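Asker: Heads up: the sequence lines are chains A and B, in that order.
When the first sequence is numbered by this note's numbering, its final residue is 200 and no position is left out of the sequence of numbers.
When the second sequence is numbered by this note's numbering, its final residue is 200 and no position is left out of the sequence of numbers.
Calculated from the structure, these hints are not laboratory results.
Owing to the predicted nature of the structure, the values given are computational and were not obtained by experimental measurement.
Keep in mind that the hints are not guaranteed to be accurate.
Copies of the same chain look alike in the list, so a pair counts if it works inside one copy or between any two.
What the hints assert, rightly or not - Quick list of in silico lysine-lysine cross-link-like pairs, DSS-like style, CA-CA up to 25 Å: (1) 119 - 40; (2) 119 - 194; (3) 71 - 194; (4) 30 - 40; (5) 81 - 96; (6) 164 - 191; (7) 119 - 71; (8) 185 - 40; (9) 52 - 187; (10) 119 - 157; (11) 81 - 164; (12) 30 - 185; (13) 81 - 100; (14) 30 - 189; (15) 52 - 81; (16) 191 - 81; (17) 71 - 164; (18) 187 - 71; (19) 119 - 192; (20) 30 - 187; (21) 164 - 192; (22) 191 - 71; (23) 71 - 96.
There are 2 protein chains.
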Amino acid sequence: MKKLSLLFLLSFLFVQSASVIFAKEDAMAKDVFAVIHSRKSVRNFTGEAVSKADLETIVRAGMAAPTAANKQPWSFVIVTKRSQLDDLAAALPHAKMLAKAGAAIIVCALPNEAINANKDFAVIDASLASENILLAVEGLGLGAVWTAAYPDPDRAKAVRDALKIPADIIPLNVIPIGHPTGEDKPKDKYKKEKIHWENW
Amino acid sequence: MKKLSLLFLLSFLFVQSASVIFAKEDAMAKDVFAVIHSRKSVRNFTGEAVSKADLETIVRAGMAAPTAANKQPWSFVIVTKRSQLDDLAAALPHAKMLAKAGAAIIVCALPNEAINANKDFAVIDASLASENILLAVEGLGLGAVWTAAYPDPDRAKAVRDALKIPADIIPLNVIPIGHPTGEDKPKDKYKKEKIHWENW
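Just chain A, same shape as in the assembly (with noise of 0.2 Å):
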């Protein structure tokens, strides 16, 4: 009897040493103060594909920020045929690494959709989309680096041509997004100064 019950002890011990594990590499892999802290601008990327699921995931993460008065002004270009990577590639000059990017998201802003269709809002709404991406790719253990389009006219107009954007819809930016080779590292920007405290 003694010795089932410690059989039966011992068992469950495993068990739980087991959830103990697997709980907490979840909640390092996913804790918001973490993922905040450990997103960096991937540059360096291995080649392999990211999965449809994966970037449904992100931009389903892009459409939960917050918009002025909720008008939802953006739409998600997704990118992941390597011949249209290629060209994305080639037509801007700060997106290299497209070349071993999975993929890409472009967010676009339309000044149309937003609130007194005010193009800065439009902005504005677009970035805080991007930056919930930018945070889901790292969620995911993914990589993702913003090249910016907007504001620059030549740039804009590439990303336009290369994905048959029409001419009134804003290109805010070309996101490559990959899985990463651990060359690229967090950078610590917290800086005392930059905080008032009751006024300027």
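Use these hints to put chain B onto chain A, whose structure you have.
Answerer: Chain B only, in chain A's frame:
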């Protein structure tokens, strides 16, 4: 001897179970995707104070956001004094919820410190920091709402005047922060038609 090992096992088991419970609670409270999707604009606060430590944690998350060419063209005014919060509420028709907020963070964009001294990049960079701030607030179990200062020149002037912010600096928003009453709920804003695969 057997009794002793049983006792040892039982106490070990107790510690293990406690770890599982805490690890799971921790993971549930702070999972990055849970936080992204449960973040909502909170306009109803209990009136409780927000600790200085929490406000520093929140702004620290803001400064972890990426900026174009890592210029970090931002500053943060943190307001906790009741008289100061009331002055802001009086000056801003859309920020009346400051009356019951415990604090407010004003994210400022510094065009002169942005890449190419470009105002648009300063506003985008400060927007990304603001989104991190909103997520950090949710991650701590607090609530917040972005009330816009920029691009409305009158509102921006009201905030500048109330907080002695220099004329060349853009107060992007006023973010009241407090303990939520629970009335405000997140919205599901996912729309499949906002996604374009491969091309617009």
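Asker: State for each hint whether it applies.
Answerer: For each hint, the structure was consulted:
1. 119 - 40: Close across copies (24 Å), not inside one copy (28 Å); limit 25 Å.
2. 119 - 194: For residue 119 and residue 194, only the inter-copy Cα distance (18 Å) is at most 25 Å; the intra-copy one is 28 Å.
3. 71 - 194: Cα proximity of residue 71 and residue 194: across copies only (13 Å, versus 32 Å in one copy).
4. 30 - 40: Classified as both; 15 Å inside a copy, 20 Å across copies.
5. 81 - 96: within (16 Å within a copy, 49 Å between copies)
6. 164 - 191: So residue 164 and residue 191 pass the 25 Å test across copies only (21 Å; inside, 42 Å).
7. 119 - 71: both (13 Å within a copy, 24 Å between copies)
8. 185 - 40: Result: close within a single copy only, 6 Å intra versus 31 Å inter.
9. 52 - 187: The answer is between: 24 Å across copies meets 25 Å, while 30 Å in one copy does not.
10. 119 - 157: both (17 Å within a copy, 20 Å between copies)
11. 81 - 164: Intra 15 Å, inter 51 Å, cutoff 25 Å: intra-copy only.
12. 30 - 185: both (17 Å within a copy, 23 Å between copies)
13. 81 - 100: Within one copy, since 12 Å is at most 25 Å while 51 Å is not.
14. 30 - 189: both (21 Å within a copy, 22 Å between copies)
15. 52 - 81: Cα proximity of residue 52 and residue 81: one copy only (12 Å, versus 48 Å across).
16. 191 - 81: Classified as between; 23 Å across copies, 41 Å inside a copy.
17. 71 - 164: within (24 Å within a copy, 32 Å between copies)
18. 187 - 71: Cα proximity of residue 187 and residue 71: across copies only (13 Å, versus 34 Å in one copy).
19. 119 - 192: For residue 119 and residue 192, only the inter-copy Cα distance (23 Å) is at most 25 Å; the intra-copy one is 33 Å.
20. 30 - 187: Both. Shortest intra-copy (19 Å) and inter-copy (22 Å) distances satisfy the 25 Å Cα cut-off.
21. 164 - 192: between (45 Å within a copy, 19 Å between copies)
22. 191 - 71: Between copies only: 13 Å across, 34 Å inside.
23. 71 - 96: So residue 71 and residue 96 pass the 25 Å test across copies only (22 Å; inside, 33 Å).
Against the hints set out earlier in the document, no violation occurs for any number.
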